[in-house]
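S.K.: Each chain, letter by letter, is given below.
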Amino acid sequence: MITRILGEGQYDVPETALTDLNVLDAAVQAAVDATDAVAFRARLGELLAAVRELGAPVPDDVLTVSDLVLPAPDSDLADVAALLGDEGLIPG
Amino acid sequence: MSIARRLADLFRVKANKALDRAEDPREVLDYSYERQLEMLTKVRRGVADVATSRKRLDLQLTQLQQAADRLQEQATQAVDLGRDDLAREALTRRSAVTAQMGDITAQRDALSAEEAKLTTAATRLQARVEAFRTRKETIKATYTAAEAQTRVGEAVSGISEEMGDVGLAVQRAEDKTSQMQARAGAIDELLASGAIQDATATTSGRDDLQAALEAARGDQGVDRELAALKAGRSAPAVGGGQARPEVTGGQPEQERQR
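Chains as they are written, first to last, in the working numbering: chain G, 7 to 98; chain C, 338 to 595.
Since the hints were derived computationally from the structure, they do not count as laboratory data.
Ideal placement from N, C-alpha and C gives every residue a C-beta, glycine not left out.
Misleading hints may appear alongside valid ones.
[Said to hold, decoys possible] Take a look, some chain C residues computed to stay more than 12 angstroms from chain G by CB distance:
hint, residue
1, 341
2, 347
3, 413
4, 436
5, 454
6, 460
7, 463
8, 467
9, 478
10, 497
11, 498
[Unchecked claim] Going by beta-carbon spacing under 10 angstroms, a handful of chain C positions derived as facing chain G:
hint, residue
12, 340
13, 342
14, 450
15, 461
16, 491
17, 502
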């Protein structure tokens, strides 16, 4: 499962780690739904840390599409809303 | 659906739009490669812009540090002159300058982090563009249009996502840099107006605190001269008694010469 952390690059996360990541992912989603900025930053940090720990960085010369794309660690709720709200914000 | 999947979908949609536009998928390869080179230029320019802003903040930090040192020095001088009011004023200004420095240091660090991120992004994009170029040539040489379809899709989608990511990073850096430039401009104006004395300009301009200190020192000088004068009032009476014989003694000589 290829996962990209925006601003950092891609990680190849083994399928076995998905259960753990889904729990963390759900916590991030809950924080977004509750528009709880503090919780969002904390849960996102935990999710990203897990991806970095469980995944292996994809080599720079490999071209592959990500199954999951995660916001950058210093993103706030507004950044995420902007990313999701308007496709035009993603260049390229 | 989770944010991570929605974001991945958004990137994929972007990539597919590029693919759908072309009749022959191999056209997409060249078009995409051109875009990649543009993006590389853009991200390198982004790194340079962030570095410029960061250096400007570094310079301001140096100037503010000099201003703080100078105010500290002025406070010491004021205390030596017994002018606690001036010392207090100097220390108050110094604490304002120090607060500014804390603020700017935080921004400088944020820009440094941005600079590092963009530099890494540029390196990664460079490597992937190189990988794309290699694959592009292989696909063009070996496969027919029909066979190329899927391979082109993989390569273009992969690089397109990377470009989207780097593009976002450049955008963020541009936003932060322009915010920073506005603030840096405000500080430059403050320095120019003398509200925060620019220590580098002390040779030409003189601030009000310095003027007050010099006035105080001047007053002290005047006081000293006055005291000396008062003391001298009685002293000349003694010295005058010694000098007089020379004058009176000299006069007869002059008269004798005439």
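S.K.: A separate judgement is required for each hint: does it hold in the structure or not?
M.R.: Tested hints:
1. 341: 4 angstroms, violated
2. 347: Label violated. Min Cβ-Cβ 6 angstroms, cutoff 12 angstroms.
3. 413: Correct as stated: the minimum Cβ-Cβ distance to chain G is 42 angstroms, above 12 angstroms.
4. 436: With a cut-off of 12 angstroms, residue 436 of chain C remains clear of chain G, as the shortest Cβ separation is near 24 angstroms.
5. 454: 6 angstroms, violated
6. 460: 7 angstroms, violated
7. 463: Residue 463 of chain C is in fact no farther than 12 angstroms from some Cβ atom of chain G, at 8 angstroms.
8. 467: 7 angstroms, violated
9. 478: 18 angstroms, holds
10. 497: 5 angstroms, violated
11. 498: 6 angstroms, violated
12. 340: At 6 angstroms from the nearest chain G Cβ, residue 340 of chain C passes the 10 angstroms test, so the hint holds.
13. 342: Holds - the Cβ of residue 342 of chain C comes within 10 angstroms of chain G, reaching about 6 angstroms at its closest.
14. 450: At 8 angstroms from the nearest chain G Cβ, residue 450 of chain C passes the 10 angstroms test, so the hint holds.
15. 461: Holds - the Cβ of residue 461 of chain C comes within 10 angstroms of chain G, reaching about 5 angstroms at its closest.
16. 491: 7 angstroms, holds
17. 502: Constraint on residue 502 of chain C satisfied, holds at 6 angstroms.
In terms of the numbered hints stated before, the structure departs from hints 1, 2, 5, 6, 7, 8, 10, 11, listed from lowest to highest.
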